[in-house]
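Q: Taken in order, these protein sequences are the chains called A and B. 1 is the number of the first residue of the first sequence in full-length UniProt numbering; add one for each residue after it. 1 is the number of the first residue of the second sequence in full-length UniProt numbering; add one for each residue after it.
Rather than coming from a laboratory, the hints here were simulated on the basis of the structure. Don't take every hint at face value.
To be verified - Simulated pairs of lysine to aspartate or glutamate, EDC-like, Cα-Cα distance not exceeding 16 Å:
1. A:K230 - A:D250
2. B:K234 - A:E1021
3. B:K172 - A:D250
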Amino acid sequence: MISKSLEEAKADVKKGIKDAQAHAEAMFGGKGLADPIPTVEDKWKLLPAFLKVKGLVKQHIDSFNYFINVDLEKIIKANERVKSDVDPHFYLKYTGIRVGAPERPDQEAMNRSYTPHECRLRDLTYSANIYVDVEYVRGRQIVRRKGVPIGRMPIMLRSSHCVLTAKNELELARMNECPLDPGGYFVVKGVEKVILVQEQMSKNRIIVDVDRKGFVQAGVTSSTMERKSKTYVGTKHGKIYLKHNSISDDIPIVIALKAMGMQSDKEITQLVCGHDSKYVDKFSPNLEECAQKKIFTQQQALDYIGAKVKSPKRAFGPGIRRPPSEEALDILATVVLAHVEVHDNNFRPKCIYVAVMTRRVVMAMLRGDLVDDRDYVGNKRLELAGQLLSLLFEDLFKKFNTDLKMNIDKVLKKPNRTQEFDVYNTLLFHGDHITSGFVRAISSGNWSLKRFKMERAGITQVLSRLSFIAALGMMTRISSQFEKTRKVSGPRALQPSQWGMLCPSDTPEGEACGLVKNLALMTHITVDDEEEPIVKLAFILGVEDVSLLTGPEVYLPDTFMVFLNGNILGITRHSKQFVSAFRRMRRAGRISEFVSIFISDHHNSVHISCDGGRICRPMIIVENGRPRVKTEHIEQLSAGKLSFDDFLRMGLIEYLDVNEESDSNIALYEREIIPESTHVEIEPFTILGAVAGLIPYPHHNQSPRNTYQCAMGKQAIGAIAYNQLNRIDTLLYLMVYPQQPMVKTKTIEMIGYDKLPAGQNATVAVMSNSGYDIEDALVLNKASLDRGYGRCQVLRKYATLLRQYANGSYDRLADPPVHPDDPTIVQEKFEVIDKDGIASVGERIKPGQVYINKQMPTNTSSDIGVNARDATANAYKNAPMSYKSAMEGYVDKVLMTTTENDQTLIKALIRQTRRPELGDKFSSRHGQKGVCGIIIQQEDMPFSDLGVCPDVIMNPHGFPSRMTVGKMIELLAGKAGVLKGELQYGTAFGGSKVEDMSRILIENGFSYSGKDYVTSGVTGEPLSAYIYFGPVYYQKLKHMVMDKMHSRSRGPRAVLTRQPTEGRSRDGGLRLGEMERDCLIGYGASMLLLERLMISSDIFEIHVCEKCGLLGYAGWCQHCKSSKGMAKMQIPYACKLLFQELQSMNVIPRLQLQNVF
Amino acid sequence: MDMYNNGGPEVSIRSLKKDSMKFVLTNTDLSVANALRRIMIAEVPTMAIDMVEIETNSTVLTDEFIAHRLGMIPLTSFDVDRIQYTRDCTCSHYCPNCSVELHLHVKVTVDYEEMNDPNVDKTRQVTSMDLISVDDSVRPVSDDKLHPILIVKMRPGQELKLKCVAKKGVAKEHAKWSPVYGVAFEYDPYNKLRHSHYWIEEDEKLEWGVSANAAEETPVDPNEPFDYNAKPEKFYIELETSGCMKPEDVVLRAMTIMQDKLGGLQIKLDDEFKEDTQRWGY
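Next comes chain A alone, as it looks inside the complex:
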């Protein structure tokens, strides 16, 4: 009976399943519930759309645009009035500011507009005038003027004010500009300068950490327009203190709170501890301490603090001195935690802020794991060009105004003036303080702002134009403020939170490892946004003002404190609803898409951020387990009907910053979406940066190899920019036949590396050959080199100024000197010089030949006006510039122009064409570098059964320890691509599959493994092993033997010591150093030692008086006044120098001579 019913039940269940299946079939068109949901194909297409809108260096450009369009006005507003101490009626008010279009500074120019390229060539600064609108008092009336220039602002290329923005390729070509150039840098004095992204700790946020002594402390770096200061709430012996630079001693926290007007111990306890007895226990010693010190009222507390305040330099002068308690109150209001503003002596918000800090310390004391991670990317802010320039401008503008005020006072002091005083004239001819300030800061990289005691060097760097990738890599670089010498690993380590934001591979090796980082492909850095609307929105969404509440209410379990940019806004009792409502508003576009909000469960708080410098990236929103971006959206995107911004506006994707990212549940792939998922990644390969994006199959490589390639990709010679032939750079390396790689990545296409490549597809045989390929050396095929493999051009700039001197004389160019008998004979040295005194373009120039025959006046100081007819006054001496190189070159270009201060500038570009030689450095894209070890004739090369000869033979020992499997797959994919006649993809976490590649190989009659039957070219016998054979993309690196090789037998010596000079550039000798000397001593090779250290170096013959032991001269002792007993001997000149220097300091070295034999 029972068994039957069981069977029946089973049958019922089966039937039920069948029914359900039938139902599903009817409903979902043959697709079962368990079938995979169709995934959105090609969602990576969002990436090019992103880059189209944002560009590769949009961070820099956005930041600069914000500065120039928004921030400038704010700065003007904060410093809008200039008053006079003399005339109380006088004022000058700035009512507006505007930056014009880039214009040449020359007032008389016909066409004022100029291009960045002209600035590069002419050593100018690419800048635009800053115009202000002013309102001021003239006599008895108020005058308004618009567009008064006050200085010049360097303009970032491709920013909103640059002439290059929104231009098509043809227009860019007319301006000699490359369409692939990302912009984002400045041209200052003809040099391209990048303001590097600076990494800092975030401002105005409480960071709890453990100090060196193991005590917990909460620190806040307050940053407001007026001042920056650091405040700590720290522990010492279990008690909590407030620390600040302006107070000499640590202040017990209860005293500090009492000084701020919170006099009741109960109130303090409640605000710090809520109703948690554990917290109360931990906190109560502080109350006790305060009571012991007999401090009960605000006045007592202020007196206590007042006694410890460091007396600040008084602005009003020493006359007025306030009582210490008032000073303490003032400091607590304005300096301590300056970002929490105190209005009308209402200290309540600041009290709560200090209480919250104290609470965080107490929490961390109780639970050690509640300290914050300083290296967490969410606690970092990136400072960009705009912010740095804004600091600089405010400083310069303040200085400008104080100078202006001084000038005004000077004029107004005069009792009677001939003219009515018009400040406009003073303003116009006020000097170029702002202009030169900008130029100095950007060209030297030193930001010194006295206001914030900021003194930073190395902010700017010269944009490296070694290769396209080098320039691009520089634009995404982030430098850290940490000192490089400190031996802490934390800041250098790879942080999990940098996923997708900062490239995990691209960092230098050595001392800056981990401190210099690079942005990932899809990152965006926020700029400051208005707080006002967000405050309003938060209150509308139910945030309660915290000032109205008491401690126990604030710290209820369901109550979450709401912070906006680190400041306490209020509390909410429904955090989840609040946050989701807030996010809805953001997705609907009611507030900026870069505002972030997240819940911190540890601290029961909700954090809203809209400050600048946060790193964020876009992600697809997932709702109910389905991504919002559907296939049809992507189709519309491909068709050009939708743009990236439309996706944002439609709420399909959104930007998440690091903090919000940590609070979200992000699926890497669509198939990995779970019910809790909130977002899905756009494309996994965007965790890499632009430079690491060049590597094919990087996910198959050992990770340091990718890092090595990131360093080497920047040294590869290739095409630099479309305008590379119009540029005159100090040093330019160009490849003669660059090729796009056979195995591309999506990143390569997006950044334009396929249009400006740096390398060639070499047919590589992975085998041992000849023994000249050990230790990573490569064997090259001579025929390949003949046909142009690895051929490159090196162009070097040689420039000179034709100066005009103070006395009116000036440099000049001279034609080649004429032979006295036959004017047709020209010295070989001057063969290439044309009649104008400069080498003619296209001439072959040999080492030692003159290319600019300059002459300088002998007399540049005294006045020549008096004796102008005197021959000596007009005499010139030759100062020719001659070509110094080991290899002959060709004159590529000559430029003659004038600089900003009307001096003639001559630039000559000399070109060399080089073919690879023994010792030149090559590298694949997998961190596998090697030098050319031997060049072999084609007929000696091994060849495949089709008669294919390799261009490069690579030793297989390079593989086992390096584990660069990506290179092997690149070869396989490249070979398949060649056979099929199409390019293959090696995109990270994707790309062409090995299986497909093998199939193509088989279809074309090759082994699926990529190995070929190879015959030895020397014997004609097949090699007994099969050889991994196919194309691999090889880069030629800038390190070439020609630039390094050096030898010397005899040569120049240093003037002072008479020892051989040092260094290749001075044709110096190679030093036999201390350790080498030790070896020779140990070996007993004394004669060799004597030869190396004295005879071949600075041997000198001296005459020594045997009587007094002093040095004489020519057999005469000046001390003994006799020539008796003078001995000749040889010592190093440096030794003689030492004796004389000792003598000059009243130490007499005497030589006591003896006969040895």
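Following the hints, put chain B in place on chain A, whose structure we already have.
A: What follows is chain B alone, placed relative to chain A:
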């Protein structure tokens, strides 16, 4: 061994086209076959541009760049025997006996009417067809007038004027003198001699296909004992020329060169022996 009794090496041509050729070489040693291959690649003399005198160059490419490109253009070298090596010539620099001059002069004038018309392609392609040779027997290989070899692209207002001097040379010196683009060389397609070891995962036959040349030979019988005395017999050679000369000429010339070399060696050796005999008397 019958190889030496049979009257020496034999060649049977499998296919012969204008610029490629396949043949089988039999009755000779591996070393001889390989020597033939090496000589074809490196030692058959041809004509190639060796010196370029540039008078005007306002194109985007640099002088050396254009000179290198010119050097790589294959020149018809059917009459190469007529021309001497410059080093053997009596002249000081170069002369008609040891060189051929080629001229190139292209000037793209600016047409003001169509200058701003985006539909008109104003790019002028300078190709090997623009090279004018003074000697009709030495000119750029251009059997296909549709696809001449591109030297440089020019825009209105640019000019290129130069004189090239083509010389006779061998590919040992520079690859531009190589008459062949590729020489395939194979013997023993079934690996009967076991000169190679197949790299296999599971099955040799499945993983390694046999080459096309296998049709000429009988498959190896797995039961047959391995003959370790066997020597390679048939050599399958395929070559593709640059068009500078006929493929059969390349082979014939290569053989002549080999003969000359051996002949030269023989004469030298004979002389040595004679000297020795005179000196030592044996």
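Q: State for each hint whether it applies.
A: Okay, the hints, checked on the actual structure:
| no. | hint | verdict |
| --- | --- | --- |
| 1 | A:K230 - A:D250 | holds (14 Å) |
| 2 | B:K234 - A:E1021 | holds (13 Å) |
| 3 | B:K172 - A:D250 | violated (85 Å) |
Checked against the numbered hints given earlier, this structure breaks only hint 3.
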